[in-house]
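Participant: Sequence:
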Amino acid sequence: MNTMIEDIIPSDVAILDLLRKTDSLSISDLAAATKVTATAVRQRLTRLMAQGYVDRETTRAGRGRPSHQYKLTAKGRRKTGSNFADLAMALWQEIRAIKDEEVRRGLLQRIAKRLVDVYADQIAGDSIDEKMSSVATLFGERKVPFTVTREEDKLPILTALACPYPGLAEQDRTICSVEKILFSQLLGEQVSLSQCRLDGESCCTFEVRPEGTS
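In the numbering used here, the protein residues as written are 43 to 256.
Worth flagging that the hints you see were computed from the coordinates, not collected in a lab.
One should not assume that every hint holds.
[As the list claims (entries may be wrong)] In the DSSO-like style, the derived pairs of lysine-lysine whose C-alpha atoms are separated by at most 30 Å in a straight line are: (1) 63 x 155; (2) 141 x 196; (3) 77 x 155; (4) 113 x 63; (5) 117 x 77; (6) 63 x 141.
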C-alpha cells in the first residue's frame, strides 16, 4: 500500500485502499474485507465523505430499501494513487538535460504558470500580507510549513520552514527559480529569494522587492 495519507487516520486508510482497487463497494463488502463491524465502516465512510475522498451512490431495486455503493472521488484517487515523486524526478532530470538555456528557461516559466493556474483561485486578499498568508495556508494544507513575518516599517517575508520539493532541490537550485516565478505571480509582486537552505541557511525566505529595485 502506498505511503500516502498524512491527514487521514490509519483505520480509514484500509477503506481507501480497497476502494481504489474496484469501482464501488457496499458497506457489507467493506465490513467483510476489513473484518470490522458495519457500524465501524459507516463511521469511517462518514469521515472520508466529509473530507471529500469518498462519494455515495444510491440505487433502488423495486420496493425494497435503497442500497448504497461507495466509491472514490477524483480527490480520493489523487490521494491514494500517487507515485508522483519518481515521475517528478525523472521529468526534472529531462528538463535539466535541455542544453538550450533559452528553451529551458521558457519551459520553467510555463511550468510555473501551470502551477499558478492551479493555485490562483485559492489566494485571497488584497494586501501583500493577506496574499502571503493565503500562500502559507495553501502550502500548509500540503504539509509544507510556511510562515509570514513582518518587521515594523518593512514588507512582509514569506518563509519556507521545509522545502516543498526536497528531491528536486537536491539536484540543483533551478527549482528555486520556479518558486520565485510562482510566488511572484501569485502575489502580484516581484519576489526575491533572500535566504536558501542550499546555501546552508536554516530555511528559505522570499521577500517582495521594493519598488524601483531590479
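Participant: Now, for every hint given, state plainly whether the structure supports it.
Facilitator: Right, here's what the structure says about each hint:
1. Straight-line distance between C-alpha atoms of residue 63 and residue 155 comes to about 34 Å, which puts the hinted pair past the 30 Å bound.
2. With a C-alpha separation of about 40 Å, the suggested pairing of residue 141 with residue 196 is violated against the 30 Å cut-off.
3. For the hint pairing residue 77 with residue 155, the CA-to-CA distance comes to about 47 Å; that exceeds 30 Å, so the pair is violated.
4. Taking the CA atoms of residue 113 and residue 63, the gap is near 10 Å; set against the 30 Å cutoff, the hint holds.
5. Using a Cα cut-off of 30 Å, the hinted pair residue 117 and residue 77 holds, with the two alpha carbons roughly 26 Å apart.
6. Of the pairs offered as hints, the one joining residue 63 and residue 141 is violated, with about 42 Å between alpha carbons and a cut-off of 30 Å exceeded.
In summary, the numbered hints that this structure violates are 1, 2, 3, 6.
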